[in-house]
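There are 8 protein chains.
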Amino acid sequence: MNNEIRHILEAVEAGSMSVDDALIKIKDEPFEDIGYAKVDLHRKIRQGSPEVIYGEGKTAEQIVGIVDMMLEHGQSPILITRFSKDKADKLAEKHDFTYSASARIGIVGEIPEADGIGTIVIATGGTSDIPVAEEAALTAECLGNKVDRLYDVGVAGIHRLLANREHLMKASVVIAVAGMEGALASVVGGLVDCPVIAVPTSVGYGASFHGLSALLSMLNSCASGVAVVNIDNGFGAGYMASRINHMEVR
Amino acid sequence: MNNEIRHILEAVEAGSMSVDDALIKIKDEPFEDIGYAKVDLHRKIRQGSPEVIYGEGKTAEQIVGIVDMMLEHGQSPILITRFSKDKADKLAEKHDFTYSASARIGIVGEIPEADGIGTIVIATGGTSDIPVAEEAALTAECLGNKVDRLYDVGVAGIHRLLANREHLMKASVVIAVAGMEGALASVVGGLVDCPVIAVPTSVGYGASFHGLSALLSMLNSCASGVAVVNIDNGFGAGYMASRINHMEVR
Amino acid sequence: MNNEIRHILEAVEAGSMSVDDALIKIKDEPFEDIGYAKVDLHRKIRQGSPEVIYGEGKTAEQIVGIVDMMLEHGQSPILITRFSKDKADKLAEKHDFTYSASARIGIVGEIPEADGIGTIVIATGGTSDIPVAEEAALTAECLGNKVDRLYDVGVAGIHRLLANREHLMKASVVIAVAGMEGALASVVGGLVDCPVIAVPTSVGYGASFHGLSALLSMLNSCASGVAVVNIDNGFGAGYMASRINHMEVR
Amino acid sequence: MNNEIRHILEAVEAGSMSVDDALIKIKDEPFEDIGYAKVDLHRKIRQGSPEVIYGEGKTAEQIVGIVDMMLEHGQSPILITRFSKDKADKLAEKHDFTYSASARIGIVGEIPEADGIGTIVIATGGTSDIPVAEEAALTAECLGNKVDRLYDVGVAGIHRLLANREHLMKASVVIAVAGMEGALASVVGGLVDCPVIAVPTSVGYGASFHGLSALLSMLNSCASGVAVVNIDNGFGAGYMASRINHMEVR
Amino acid sequence: MNNEIRHILEAVEAGSMSVDDALIKIKDEPFEDIGYAKVDLHRKIRQGSPEVIYGEGKTAEQIVGIVDMMLEHGQSPILITRFSKDKADKLAEKHDFTYSASARIGIVGEIPEADGIGTIVIATGGTSDIPVAEEAALTAECLGNKVDRLYDVGVAGIHRLLANREHLMKASVVIAVAGMEGALASVVGGLVDCPVIAVPTSVGYGASFHGLSALLSMLNSCASGVAVVNIDNGFGAGYMASRINHMEVR
Amino acid sequence: MNNEIRHILEAVEAGSMSVDDALIKIKDEPFEDIGYAKVDLHRKIRQGSPEVIYGEGKTAEQIVGIVDMMLEHGQSPILITRFSKDKADKLAEKHDFTYSASARIGIVGEIPEADGIGTIVIATGGTSDIPVAEEAALTAECLGNKVDRLYDVGVAGIHRLLANREHLMKASVVIAVAGMEGALASVVGGLVDCPVIAVPTSVGYGASFHGLSALLSMLNSCASGVAVVNIDNGFGAGYMASRINHMEVR
Amino acid sequence: MNNEIRHILEAVEAGSMSVDDALIKIKDEPFEDIGYAKVDLHRKIRQGSPEVIYGEGKTAEQIVGIVDMMLEHGQSPILITRFSKDKADKLAEKHDFTYSASARIGIVGEIPEADGIGTIVIATGGTSDIPVAEEAALTAECLGNKVDRLYDVGVAGIHRLLANREHLMKASVVIAVAGMEGALASVVGGLVDCPVIAVPTSVGYGASFHGLSALLSMLNSCASGVAVVNIDNGFGAGYMASRINHMEVR
Amino acid sequence: MNNEIRHILEAVEAGSMSVDDALIKIKDEPFEDIGYAKVDLHRKIRQGSPEVIYGEGKTAEQIVGIVDMMLEHGQSPILITRFSKDKADKLAEKHDFTYSASARIGIVGEIPEADGIGTIVIATGGTSDIPVAEEAALTAECLGNKVDRLYDVGVAGIHRLLANREHLMKASVVIAVAGMEGALASVVGGLVDCPVIAVPTSVGYGASFHGLSALLSMLNSCASGVAVVNIDNGFGAGYMASRINHMEVR
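From first to last, the protein sequence lines are chains V, H, B, Y, W, U, S and P. Okay, so the first sequence: first residue is 1 according to our numbering, each after it adds one. Okay, so the second sequence: first residue is 251 according to our numbering, each after it adds one. Okay, so the third sequence: first residue is 501 according to our numbering, each after it adds one. Okay, so the fourth sequence: first residue is 751 according to our numbering, each after it adds one. Okay, so the fifth sequence: first residue is 1001 according to our numbering, each after it adds one. Okay, so the sixth sequence: first residue is 1251 according to our numbering, each after it adds one. Okay, so the seventh sequence: first residue is 1501 according to our numbering, each after it adds one. Okay, so the eighth sequence: first residue is 1751 according to our numbering, each after it adds one.
The following block holds chain V by itself, in its conformation from the complex (with noise of 0.2 Å):
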């Protein structure tokens, strides 16, 4: 950012740039606004990644508008989570693109090549965790990540999770994707030397609290190397693996 208003006063100076050019260069938006939104064009420059579509309370018409107006900035590929079927359905009529319904997920473009140093093993507690564990897997894919499925391994068996240990060793770092007790991030925590990113699902009923009780069981993990998301945020999950899977040395 420095340097550009650098430049820009260098220009004043040189007499090459008018007063009031500068004061619009300086102010110009870096985001398009289309009434109902502002869409965040140099995020990728900004933040390395581009802007991701937030499905819920938006209307299909309105995602579809973001969407028109990020291909016509040349953005791709383009994530959109909680994404509903019905919605999916309605950008469908105007693009192609890849949909996963379990993850409600939907990505328009090219997945890229994985270039990040390693590989991000995403594991799961249970089989009904697998559609919050997949939406890290496909969000995690999409920014540049080799992903490795780890599913069904929580702790009541905890054969299970050892019989997998090398899986887990040559992780970068691993996504723990859990409800109920949310145990799993605490075993996992303990096993490998890696970041671990845990993910609190609502899975479970009564006193699970649609999630509560994983989430809280996590944010005390007695295992150090552990972060947490929101429940049911394997978006947040996936990306937050990502970053730190595709750190450089400054």
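Treat the hints with care, since some could be wrong.
As the list claims (entries may be wrong) - Listed next, the in silico DSS-like pairs over lysine-lysine satisfying Cα-Cα at most 25 Å (straight line):
1) H/420 to H/396
2) B/585 to W/1090
3) U/1396 to V/90
What the hints assert, rightly or not - Derived CB-CB ranges, DEER-like:
4) S/1586 to W/1170: 20 to 30 Å
5) B/556 to H/309: 47 to 57 Å
6) Y/915 to H/311: 26 to 36 Å
7) U/1348 to W/1035: 38 to 48 Å
To be verified - Reference listing, derived: stretches of chain P covered by chain H, where coverage requires no fewer than 3 residues with Cβ under 8 Å from a Cβ of chain H:
8) 1887–1897
9) 1981–1995
It is worth saying that the hints were derived from the structure and are not from the lab. Remember, it's a predicted structure, so these values are computed and weren't measured experimentally. Here a beta-carbon is modelled for each residue, glycine too, at the ideal position from N, C-alpha and C.
On the provided structure of chain V, position chains H, B, Y, W, U, S and P as indicated by the hints.
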């Protein structure tokens, strides 16, 4: 109870007992009323173990009074839980008894021989959970059980638990005591084939919410064969485990 | 487990087993991996009862797949909990099984002879608690227990409970199922001398907060010898009671 | 109120009262403003009992000031609740009064003769609930009620309660005071045919959450004819019971 | 109860009753067991009003069965609460009864003459609270009370309440029904000198948390003489008010 | 109010008004009682704006009835909030009015000229918050305010907010509408020097707990000059902002 | 801000400022960094009032350091909130200032003349709410407002509030301070036509949950024109009221 | 682990190791059991960093014992968290170590050279958050990281944060520490392109509910690339950041 009433009725029929005496007998109170407390003296007969004195919220004088009265009626041993050091000092002026400061338990009288089915194993997640575990251990011993202590085997270093698997395998009941995320109960529950009593502790900080996190975790355990008692309720776990360990064919 | 490794090592020493074969043996997976699930086939050996299928959050196809695979490995009976009618209909196209719509339980295979220590008594506070009680009852029966049902004996009409005291007195384990204020567990806990498993239900409205009131009540029971499972967790109570009812001397 | 205005209006009509005097009369404040408090002096007329001083959060000086002013206006007896020992000592320097340290209640003036319809029975679950029960008892006595104390009759030993059924049967109102799981209210509610005021107490630990468990229990009572006051609100229960016990035909 | 046992004993003594008959008599069940329910037939004698059927969680068939059996035993009127329209339709195929769809209450049999001490005034904060108020009103009428309805007098327009002060002043009991912030109970409690039963409703949104806000408000009422029932529990309030309104000297 | 009573009293003194007429006048109800509602017709005089109809929990018939009566008394415009489409259709059969489906608001009568001190700026964190923002906007416009909409300026892309700083700087009041973590209120609060009304929305999932997260965030804002209304309460924010924007010297 | 950048640019264009100087100017920090704090010195210009020191969690040394630095930069008056007596004593060793022990507020420098639109009325429900009210009052006075205190006018004695209606009617803003059930805000909100800032206090016990009850009450106020600040946040209310009371036409 | 077993097996095959020795080796405990603790001595090998001593809930004697034993096994440096001053004094009698009273951290042994990928930036919202930030900073330094402290840059004065944007831009990981509304995490998350670890603190009062508000805020962050640790868990954040900052290609 039924038989007793039958005997009374038969005595009345036989003329060997007057109606008024029968009335008194039937209504006879199986407890001693000392104003601030109605001490249950039939409990040993009714439930196999004497009444236990819950020390919190009672004055030292009240506790001494109840102990006096129980001793008078030949109750022994007497267990006093949540019994603070200063109240214990008051009791010590009058009676000999064993006191554990960390477990805040006092025991008046002899600890009986162990006569249960097998051994109760008490496992803790960490060192800080030991006071609650000791409350459970002393309670169980006081009720006639053999206890095996297995402390600091939390799931963040799962090898510590696995290395002690043999202890667990020999248990007739396991008491799993853990704070923070309370994952110990689930992992233990998945390893053993005997009943597991889970005790959440208030060990932790922040989002452990004074034991709520561990409590919810244990209630949502994905392992079967786990039941839970109140936060920090070592006594309750020891008592329940003892009941299980003294099961009889009926 | 220990013995098995010794045998393997002795075979290696004797030259009758290669290092690589030994390595495989030690690491051999006691479960079948079918992608979305890792079915635990050793559980009966390890824990005395086959794996149970938690139906919620699994598709009908996944359930059918798991059942197929368990039957292939000779597992029987197979218990499917939280099993909705429409999923059950899918399974019925392929397998014969018993289904209880109110308890939402399916049982594939024969219910075994009761071989426990005694009888499990299941009491409910009201009529609305019966579905949860039936989940417990069917689970317990499926695991080889004799069950005695004592429904609608809530404490607001304490004489109904007292009139059935004899049933309670003969129990080896009592399961107390109640919603609203869940006081049944405390009153029963004070009457019997066997272990009591308390199941809070979500029956109620307003400040029952979907079972929270009953849950807290039961956790805070002033009666000793009571342990609690998750809200509406009839299965968990039946399973725990069965473990207790099958205690063995070790 | 209506009549009073009529009299004023008639006086104005008759010319015996000026408009300005009438205005003052109508607007006359039925309370004394002493800056930090507006003491309600008409309450006895309006509501049948004098204002009560809630001691918590008031300085000793403020309490003395309010008492002074109430005595000046002939209010008696004066009830001071949540009145700590050290503040009471300050008041004792100036006025004679009765003080109960456990109930933290002070009473300035004579306790009146009991003139209610019948007897208020106050039952507690345990010994630790007695301070709250005493707050209720002293409040009720101070408001002209006969009180019958029935302490330590919790439901874990239901025979203690049943043995005292006669006391309950003679009550015109019952106040049920209990902490932990608060089941006393439901059982009592099912036994009697008079109104029951339930007082949850903060007695307990862990998942009692400072009285929340007992509060929810009592609100969800499956017995009819039970209403609830705030946690530890012995005063409120005593006051409500007194209102009921002083019902009049209108 | 006492007298009855005496009579039995005297009969046994006189030889006019055998021991076995006496035993049966003493243990005779004052309820009818129809499997899914144990209908309390002595309640009218014991508590002055017949058992009430809580419709939620019971099937239409179960409700019809209970009604049948109660009618057989001459119980009338029969009150059915939380009684949905479709279940009511089922009952209508067999019995005549009055049904209020908004209050979800059915009444089988005649509403008795009002025979209470005075009038029960039922006030609501808004129009949306009327269904709960009607549940209270119909319950109270069904139990023999005169009811005065005072709807939509919430405190945001305090003059509406003050203008109706006369109604309140004539009440023997007031039921204050309000959602949102539930302030009505406090303001009414400060105006009247009779008992006030407060009913929080789930009317509101956001931070009303389904009635929690109103519930807490009412429990913390700064006015004395207010007791609270469960959220939306119009029935409980009507029942409690009726008990108060039928107080008798003992 | 005072003056009015004086006039009445003077009229009585002068003999031009009888005592009974005066009594009626003083007690005259400033509202119309239509059974299910007491419509406040003096509110415009008392509070500067007509009563608003809260549509939830009222039947379409009740709403039509209230509108009829308000129109009869010349009240206009009439605002109906939380007004569902199907109820609105019922009203449309009888009256012309403007309806916003997303804001669920109906306005009967003309929207007045803006006559406030300045402009109310309404900012949202995201697109999904727009319905709540529109409820605020329409309310404010209906009450005579100029509104400037600034949507989708959430803090995750702070440059979008900063680029619109000029809008904010010109506001006389800002309404900040945001769900999820609700950080918008704090950032806006730190940028402007006018009052900020924060509206948490229920936009989000998992640990947003239906708006609780945003609500707590806003209440704990580290910026000064921020006050909060209920979750999703666009109406309340618009009303409050209007009151501020119509401040007058007194 | 815009103008400033324009001036800098024009200076650069005119050659009277070098690019590097311009760069520094644009990036010049409007705050002083003293390591543990970055004191905001431009706030008076930006937001019309100087930064306020939140005393809690800061050491006495840190507070003295910040005051020193602010005085150096000519900031006055300086408000220090949540300022404990012992920390205040430390500051007193170095600077003269006014201290209110009950409000825990310190003011360094002169309190300015009142220059707001009108008067801020601060009402409390009870005597115990006064410390929070005083925090609001002193804050408002310190920011140039006339304050009218109206203490102990809680709704349980509504006549005390109504008798002071005239005070309320003259307010330009009302701050309603109340604990327990917090009903004051709703009643006041229904009486006045100016903005109302509601401050819940932690006054109360049991189910007041440290102010939660009052907070929810106020957020759910059925009166319009009420917005809420954090529990016990007298400062925030005073600040917000001052902003409203200093509204200007733009 | 795999290789080790292979080596043992090969040794057995080669006859250079007996079966019994092999059995011992395989089962050899990688921890030292000192009764109250099982100190994990292989953790450095397994997870790249030595075990950390959680000081809370351990006696000074226990801590000294664990330190002794770790030093014996050559573990260094040793980090002791939540280490109170008085316990630290006990350790100081025996060992030299660095102690930070505000962060409550003790470090035995030398802090290693920083060898991570880049710099960890630790930002706080306010001055009161510094102790938690220091816990994170010292932990990270102790684990070989370069740390850049950026304190008191809360969002209420967003220019303070923006002015330090350059620091943020150079971070390899950012730790955002904030209490109250915790908005810092979202704003920082939107500015940087590296992973952000959010630490909610218990700084605040009232509705901050001891850090719950900040916790929820951070979990619901609308910015991507943010993961959260427990309230006040500076250690956890420092540890997680270090793991990320020591990522290696595998």
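Going down the list of hints, with the structure as the test:
1. H/420 to H/396: holds, 12 Å
2. B/585 to W/1090: The given pair, whose Cα atoms are some 23 Å apart, holds under the 25 Å limit.
3. U/1396 to V/90: The given pair, whose Cα atoms are some 36 Å apart, is violated under the 25 Å limit.
4. S/1586 to W/1170: 20 to 30 Å: violated, 57 Å
5. B/556 to H/309: 47 to 57 Å: About 51 Å separates the Cβ atoms of residue 556 of chain B and residue 309 of chain H, which means 47 to 57 Å holds.
6. Y/915 to H/311: 26 to 36 Å: holds, 30 Å
7. U/1348 to W/1035: 38 to 48 Å: For residue 1035 of chain W against residue 1348 of chain U, whose Cβ atoms are near 59 Å apart, the range 38 to 48 Å is violated.
8. 1887–1897: As far as the region 1887–1897 of chain P goes, the hint is violated, because 0 residues have Cβ atoms under 8 Å from chain H.
9. 1981–1995: holds (count 3)
The structure does not agree with the numbered hints 3, 4, 7 and 8 stated previously, though it agrees with the rest.
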